[in-house]
Amino acid sequence: MEGATKPLCQSPGCSIQVSRIMRPDDANIAGNVHGGTILKMIEEAGVIISTRHCNRQNEERCVAVLARVERTDFLSPMSIGDVAHVSAEITYTSKHSVEVQVNVMAENILKGAKRLTNRATLWYVALSLENVDKVVEVPSIQYTSPEQQEEGKKRYEAQKLDRLETKQRSEDIILPVISVDRQSKEPYTVGYSQSSLIHLVGPSDCALHKFVQGGVTMKLMDEVAGIVAARHCKTNIVTASVDAINFHQKIQKGSVITVSGRMTFTSNKSMEIEVFVDIDHVMESPKGKTPAATAFFTYVSLDKEGKALPIPMLKTETEDEKRRFEEGRNRYLHTKAKRMAQVQKGHCLPIHE
Amino acid sequence: MEGATKPLCQSPGCSIQVSRIMRPDDANIAGNVHGGTILKMIEEAGVIISTRHCNRQNEERCVAVLARVERTDFLSPMSIGDVAHVSAEITYTSKHSVEVQVNVMAENILKGAKRLTNRATLWYVALSLENVDKVVEVPSIQYTSPEQQEEGKKRYEAQKLDRLETKQRSEDIILPVISVDRQSKEPYTVGYSQSSLIHLVGPSDCALHKFVQGGVTMKLMDEVAGIVAARHCKTNIVTASVDAINFHQKIQKGSVITVSGRMTFTSNKSMEIEVFVDIDHVMESPKGKTPAATAFFTYVSLDKEGKALPIPMLKTETEDEKRRFEEGRNRYLHTKAKRMAQVQKGHCLPIHE
Amino acid sequence: MEGATKPLCQSPGCSIQVSRIMRPDDANIAGNVHGGTILKMIEEAGVIISTRHCNRQNEERCVAVLARVERTDFLSPMSIGDVAHVSAEITYTSKHSVEVQVNVMAENILKGAKRLTNRATLWYVALSLENVDKVVEVPSIQYTSPEQQEEGKKRYEAQKLDRLETKQRSEDIILPVISVDRQSKEPYTVGYSQSSLIHLVGPSDCALHKFVQGGVTMKLMDEVAGIVAARHCKTNIVTASVDAINFHQKIQKGSVITVSGRMTFTSNKSMEIEVFVDIDHVMESPKGKTPAATAFFTYVSLDKEGKALPIPMLKTETEDEKRRFEEGRNRYLHTKAKRMAQVQKGHCLPIHE
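Chains as they are written, first to last, in this note's numbering: chain D, 1 to 353; chain X, 1 to 353; chain B, 1 to 353.
To be clear, the hints were calculated from the coordinates, so they are not data collected in a lab. The reader is advised that the hints may include incorrect statements.
Intra- or inter-copy, both count: the list cannot distinguish identical chains.
With a Cα cut of at most 20 Å, we get these calculated DMTMM-like pairs of lysine to aspartate or glutamate [unchecked claim]: (1) K40 <-> D243; (2) K95 <-> E60; (3) K111 <-> E60; (4) K114 <-> E59.
The task is simple: from the sequences and hints, build the whole structure.
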């Protein structure tokens with residue numbers, strides 16, 4: 001094991017160690033740390049070390065940006081309470097790129113056991129801070145032997161070839177119809193702005209009990225509504241109001257929820273977005289989705305002085321969309337009338353008046 | 001304003017104040033705090049006060065669960081650096097529910113100015129900690145006057161009626177075809193497990209420069225792949241490996257990214273999931289999506305002792321799915337052969353063998 | 001600087017380094033990293049190293065719990081994008097406690113500059129995992145010299161005495177009137193700036209055991225102190241130092257804690273804020289609050305060039321406020337005298353000189 005960590009780079013400061021205790025939010029309900037948590041730590045070590053290196057001999061301030069990660073195996077699962085030690089070092093530099101090799105060890109500090117869980121290789125390029133489209137030259141590291149440099153060069157050539165191939169493939173690629181094919185939709189239609197997100201319910205969403213706190217759900221609902229509103233009018237948008245929300249179903253830790261939003265109505269200065277929350281019991285037999293909550297969010301668009309901007313009118317296409325638009329208009333007029341009555345009694349006005 | 005905060009409940013401990021500074025991640029790129037952040041704080045105050053109240057005179061330990069939020073207006077935008085003061089108090093109790101009224105003030109602590117930004121009314125029910133399907137009786141609060149109790153009762157009846165109506169409506173509702181209609185798909189097909197999430201790129205995703213750090217993107221890719229894997233086999237799944245990932249495009253702060261995953265191949269004990277990251281330039285003119293990265297994740301399913309479980313075989317339906325399955329099989333065999341060669345050289349084995 | 005990091009402990013595995021990029025959420029709006037963020041990182045390194053050490057020779061699995069932090073000076077401000085390097089090592093062990101000394105360096109990876117920002121000393125006790133009320137014996141470290149052990153013993157005796165005194169004081173304490181009606185208060189009075197926040201202890205606050213990690217508590221204490229300081233002087237403020245903090249009570253997952261702060265003293269260029277942490281057992285029968293920790297934070301106000309600004313004098317109104325102001329002045333003069341002695345020996349100066 002220790003052999004794996006003997007220094008390959010003799011330049012000063014070209015290795016780093018990042019350590020952190022694994023928390024409940026880093027893991028799934030069985031207690032296994034997500035691969036994604038480890039990948040994120042690996043990249044944090046990589047970006048620190050390569051940014052530091054690229055600024056070493058350069059006049060021009062620059063940042064390292066991740067260009068490629070080589071194939072990575074997860075050799076052993078990590079658990080909550082383990083300490084993850086990520087050690088990274090620069091192992092090769094070409095004219096414009098830096099190779100970083102990373103080892104991840106998991107340490108059980110209660111038992112003293114330590115084991116290798118990952119090895120990864122990352123490639124960074126340095127971009128100028130002033131002009132981020134400009135690739136900057138990378139200073140060379142000092143190699144411990146000519147063989148080491150030679151082997152690095154081979155790895156560099158191999159990954160370059162692979163990147164080229166992938167690039168061509170990715171241009172060929174027909175984008176999957178997984179999410180809505182937005183490109184085929186006309187701007188300002190319902191389909192154009194409709195959006196959905198999935199959220200895996202983690203421990204921090206359920207601090208008091210094993211169910212999601214209502215506030216977490218509302219935050220996600222507002223997030224989707226905000227994306228729908230931004231897609232529709234492409235300006236700075238803010239929440240103006242939320243209609244009554246009823247919660248029909250408790251949402252358990254470990255479930256996956258889908259939060260979907262579609263625009264239902266636009267007035268001159270406001271948009272109404274309907275949001276649905278559905279529970280997908282991933283671990284249970286296929287009983288489909290259970291609706292958990294729905295609500296109407298009203299958004300307005302603000303200019304830099306905070307004044308409300310006009311909203312492009314929603315284009316309704318189907319009968320359902322037209323009906324929902326009418327229902328939205330009724331809610332809008334009803335609220336407006338109610339608010340006028342309150343204003344006469346001296347109450348505050350909401351944002352969008 | 002001050003009038004609104006005079007105590008309505010005379011029981012001890014039935015009001016609470018929660019304050020917090022608004023951070024960059026609480027707000028959009030224009031600096032306006034998300035409505036969702038405020039809704040989440042409101043509910044946090046509500047759940048604390050009502051859980052505390054319900055445990056006051058009860059023998060049985062219980063937790064308060066949000067049942068309904070009344071319509072809420074956002075009266076004034078809040079900014080990064082403002083202190084949000086959320087004060088909540090219990091204003092009515094029925095046999096099984098608690099009404100909490102909340103005021104949110106934004107304080108600019110540098111200028112000393114304070115303004116009302118929200119008023120909200122939340123309804124909680126108390127559930128037994130031992131048996132979360134059992135609704136527990138709520139102790140009554142002490143009212144300041146009979147009128148106060150009478151008005152609370154009216155609000156209680158009104159919301160009860162509305163909840164009943166919504167429930168009926170929600171049963172009528174035809175769920176929107178926003179996301180994939182999973183119910184119509186057969187288990188173990190590609191369409192059945194395919195998933196996607198959207199993520200709004202926030203300041204903490206971009207600490208070093210104005211672009212997303214690669215590690216953040218990889219974490220999201222792993223999250224989607226994990227959901228696809230869990231949907232397919234409905235067991236505890238962990239990442240076994242990630243194929244080389246190439247990053248084609250920088251992703252800017254404020255963009256919305258869509259991360260989509262679909263299963264491409266299953267062997268006896270592993271699943272391969274292809275993941276796509278696409279950038280959606282929400283604020284710019286409609287130029288559709290730009291692909292930013294793709295990768296293949298391999299997942300395995302583990303039992304409680306950490307042993308690999310058999311994986312249900314993927315059912316391919318279209319020509320494209322069959323072709324991708326074959327390509328996946330080739331990658332699988334190629335990796336396996338390569339690994340056997342390494343084992344003979346004495347290297348570590350990854351999780352899934 | 002490098003001299004400060006020469007190993008004091010010869011036992012294997014008794015040092016650790018934790019590094020992380022500072023993100024926007026770690027800092028205030030002027031871009032200065034919160035003292036609380038740094039205190040939390042310091043404690044994370046401390047709890048890892050001392051838990052690891054206590055389990056080394058013990059049969060009984062145990063966890064290290066923070067009992068005390070010695071006075072800490074913040075020597076230089078840290079900014080978003082800097083890499084914080086926290087290195088910790090065990091420097092003394094008594095029968096039941098572990099002393100950890102920590103150095104924090106800030107590295108600007110764009111400019112290559114590295115500077116010392118903090119030194120801290122933490123005391124941990126080891127509690128049995130099976131029975132958290134049982135204190136476990138700590139294995140001794142191997143000292144490099146008898147003098148080193150002798151000096152450690154002196155520090156141990158000194159802090160023991162101080163803890164005893166604080167405990168008695170904390171029983172006297174009259175809890176502050178939280179959540180005041182700020183608008184009726186005159187600027188620069190104690191009541192005008194006093195503040196409190198409530199925090200629901202979630203799973204991520206307790207990664208290693210079912211109690212809050214000391215670092216989480218310290219971060220919240222710094223947050224409240226910062227709000228008090230900003231309210232008083234309405235400028236960009238930063239933590240200059242924290243007096244010794246003693247932790248009297250373990251705080252369990254699921255509790256609600258109230259963190260309150262009030263200003264006690266102002267000099268020309270600094271403010272002293274007293275912070276209280278109280279536990280509110282939401283789920284249990286009404287036994288009122290339990291004090292968990294208290295501390296004095298010193299803040300300074302900086303202009304855009306990082307120079308200390310004059311502080312408006314605190315207006316004391318009651319006899320208690322006047323007494324506390326005098327006590328604060330004594331602490332201030334005592335620290336100043338001590339620091340002058342150190343300066344003559346060639347040590348670093350904290351931020352506010």
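Requested in this report: Identify every previously stated hint that the structure contradicts and give their numbers, smallest first.
Outcome: Of the numbered hints given earlier, the structure breaks none, since each of them holds.
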